[in-house]
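S.K.: For the protein sequence lines, the chains are L and W, in the order given.
Under this note's numbering, the first sequence has 216 at position 216, and the numbering climbs by one with no breaks.
Under this note's numbering, the second sequence has 606 at position 150, and the numbering climbs by one with no breaks.
Some hints could be false.
Stated by the list, open to error - When the alpha-carbon atoms are kept at most 20 Å apart in a straight line, the in silico EDC-like pairs for lysine to aspartate or glutamate are as follows:
no. : chain 1 : residue 1 : chain 2 : residue 2
1   : L       : Lys203    : W       : Glu601
2   : L       : Lys81     : L       : Asp444
3   : L       : Lys94     : W       : Glu601
4   : L       : Lys448    : L       : Glu238
5   : L       : Lys441    : W       : Asp494
6   : L       : Lys105    : L       : Glu131
7   : L       : Lys239    : L       : Glu348
8   : L       : Lys262    : L       : Asp85
9   : L       : Lys448    : W       : Asp518
10  : L       : Lys448    : W       : Asp514
11  : L       : Lys327    : L       : Asp444
12  : L       : Lys94     : L       : Glu121
13  : L       : Lys256    : L       : Asp223
Said to hold, decoys possible - Here's a subset of chain W near chain L, in silico, CB distances under 8 Å, partners left out:
no. : residue
14  : Phe500
15  : Lys556
16  : Pro568
17  : Asp587
18  : Phe712
Quick caveat, the hints were computed from the structure, so don't treat them as lab data.
A quick note: this is a predicted structure, and the numbers were derived from the prediction, not measured.
The beta carbon of each residue, even a glycine, is placed where N, CA and C say it ideally should be.
Okay, here's what each chain looks like letter by letter:
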Amino acid sequence: MKKIALSLLVLGLVLGLGLVGFGEEKEVITLKVMTTPHPGAPHYGYLGPVGDGTTQEQIPEWYENSPVVVYEKNHPNVDIKLDVDVVPKSNYTKQLYLAVSANKKYDLVRIDEMQVAQLAETGYFTPQFSEDYKQWAEDKGLYPNFVDGSTYEGDMYGVLDRTGSRAIWVWKDVLHAAGYTMEDISTAEGLLEALPDITETAKEEFGMSGGLEYPFDAGWVVDQSWGWLYQLGGSILEKNEDGEWVPGFNNEAGVKTLNYIKDLVGAGATLQRDWQWMLANFMDRKYAMTYEGSWAVSAVTSAYPDKSHEELVDMVGVIPTTVFEGKDLRALAGGWMWMIPRAAPHPEVAHDVLMTMLNNRESYAHMLIQEGNLPTSEWMFEAPQYKNKVTKDIPEPWYEQFQRGVAGGVHRPSLAKYSQIQKAFWDATQKVVVGGVSAEKALDSAAKQVRNILEG
Amino acid sequence: MHKYRAFVPYFFLFPALAILFFFQFFAWGWNINIALRDVTIMNFRRAWPFVGLQNFRDIFTDPVTLITLRNTAIFATTGIVSQLLIGTGIAYLLFRAERKVENIFRPIFIIPWLTSVLVASFGWRLVLGRDTGIVNMLISSLGFEPISFIGHPATAMLAIVIANIWRGTPFTILLMNSAMTSINPQLVEASKIDGASQWTFYTKIALPILKPFILMNTILITVWTINAYGLILNMTGGGPLNATRVFPLHGYLAAFSEGRFSFAAGITMLSVLMTLVLIYFYLRFYDVELVD
């Protein structure tokens, strides 16, 4: 009996030790991430849980579908920790430059479309997964402007997986009191014609500060102008006969674009230096209309939680951007993407996590919804996981408008010196709108400057 | 042992000099090196070609540079003169006031100087904001159209000058008030006995005593005002239409918005040179023997 007990004990020990000894321990991989804060995703960057585990309690539905958690389910031997540097937007470019110059070992860095070319040129980011991204773009029908926006010198450096659409938000009661409909102001000319009446009605009858507030805060404001420029047949840059880049705005389209902004101001639009306050101003009913973006939808819906969709649509109207008569809708559609540095300690894992998100509609949809962004492909716009959920928040006419805005988007040229080109056009815009300079003269000067930049 | 005594001071000075060398001269040398090469964010991780004085040529042919120099002159001149006059005036009033009054007001006047640049700039944006600002609330209540102070080139410079004066003046108050307090009361009594008028006392006795303090104050507020681009960056970002883009801010934006590091390094060097020239003229103008 003793022998049997002893044998069992030895067997148990051997089996126990064997299990401990041969049981696979999880490989812990820490992904170092740099991103900006977002009202919908203040800490997580929507890749996966970070820090003290509160993510799981706060947003359990998303937690289960977050890219990192899904990746871990598919790779049971891997335990991914996220180490996220959240940098304010106002300081982001500076921190990006410091990361590039110090060759910081991030695994994933969140990049604005307008910086893709410049940062790709630095050599800090790797194009090694370009073919995967191209395949994904083809399979999922990524809209062409986002393919171009993600590409530098033939390589895709990531996938512009989220975007926003510029949009004019309108208080319909003011619009109707002024004697106009949404249809009337959906064209560039219609808005211009109606603006003096809307402004007067807003001020006199509703005690508002003005009719329309127009952002005039910094260089990015030209994003609004690019849409009109493209509608009118112009472009930021175009290739000449020798295949060289030259300014594409120093023409009739450019002149009409800048004069249109000037005319809007003449018709009563208020130039807003504090764009951060624009949405709050609109929600406080200080203006009848505001040039904001699709992301403002959550502010509108959350301000009136008791209203039905029909009631909201009766109160507030949305136009993606005004279109010149006889022209097609074109609006600048930038966006954000994740890029992987060459110095990344775990580039393969970082890439796999990204692809997990891009291929998992549930996971992708949650990220978009939480951030209040829009997808960049037909595949996601039509995904039930996204559409069914998002149309609960976004009334149907708005959703359709946003999709039109994104699908009709144009991208910025993939040039490393884009920021300098943007500044030249922004200076020209300011000269015309507040500086009393003619559009022709301002654009001549900007074109000369851009030529110097391109040659330099 | 005795023969090494002469080296003892240098031995003790060495750590301080080494640190100074590293943080000042090395940094300066590095800045000069970058200014003479073509370094941008795009080629930062590759070779930096030597371009000589090309960056300085670029700075002076850049159409915005002249505007920024003009802006710097307006911003600095109005800022420095106003801070000196207002600060010295308030310091004098405090000096003449009863001790109780001085003790109450002196800490209050210092508050703006203790406020961080970020808080001060956002505070002023709120005060002057078109739709949110208290100033425009007053203007609207009087029946006038609100003014976009930081939204128009004509008023934006005024807005940043006021904010800078508000933030910088307390230092002058503090320094000049302390300087006035240091005047020997016996001198005041003696001048009275000798029949000197108040004007004579201040111009012939007090002013020469205060001269070194005024000089030091002028130098410090010049350096701070010329380099006060943080306030401007947060208030206007240099706009609208480059109306508030001062020279150092031009450099900052070139480096951290466009990644043109050599261009920015050149501007940094020229800014320091500009400040040194001003200080030289101050020394000549005030004619103060600092060593004494």
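S.K.: Would you mind marking each hint as holding or not holding in the structure?
M.R.: Status of each hint after checking the structure:
{"no.": "1", "hint": "L:Lys203 - W:Glu601", "in the structure": "11 Å, holds"}
{"no.": "2", "hint": "L:Lys81 - L:Asp444", "in the structure": "53 Å, violated"}
{"no.": "3", "hint": "L:Lys94 - W:Glu601", "in the structure": "38 Å, violated"}
{"no.": "4", "hint": "L:Lys448 - L:Glu238", "in the structure": "15 Å, holds"}
{"no.": "5", "hint": "L:Lys441 - W:Asp494", "in the structure": "31 Å, violated"}
{"no.": "6", "hint": "L:Lys105 - L:Glu131", "in the structure": "23 Å, violated"}
{"no.": "7", "hint": "L:Lys239 - L:Glu348", "in the structure": "37 Å, violated"}
{"no.": "8", "hint": "L:Lys262 - L:Asp85", "in the structure": "41 Å, violated"}
{"no.": "9", "hint": "L:Lys448 - W:Asp518", "in the structure": "12 Å, holds"}
{"no.": "10", "hint": "L:Lys448 - W:Asp514", "in the structure": "15 Å, holds"}
{"no.": "11", "hint": "L:Lys327 - L:Asp444", "in the structure": "25 Å, violated"}
{"no.": "12", "hint": "L:Lys94 - L:Glu121", "in the structure": "17 Å, holds"}
{"no.": "13", "hint": "L:Lys256 - L:Asp223", "in the structure": "16 Å, holds"}
{"no.": "14", "hint": "Phe500", "in the structure": "5 Å, holds"}
{"no.": "15", "hint": "Lys556", "in the structure": "42 Å, violated"}
{"no.": "16", "hint": "Pro568", "in the structure": "22 Å, violated"}
{"no.": "17", "hint": "Asp587", "in the structure": "5 Å, holds"}
{"no.": "18", "hint": "Phe712", "in the structure": "4 Å, holds"}
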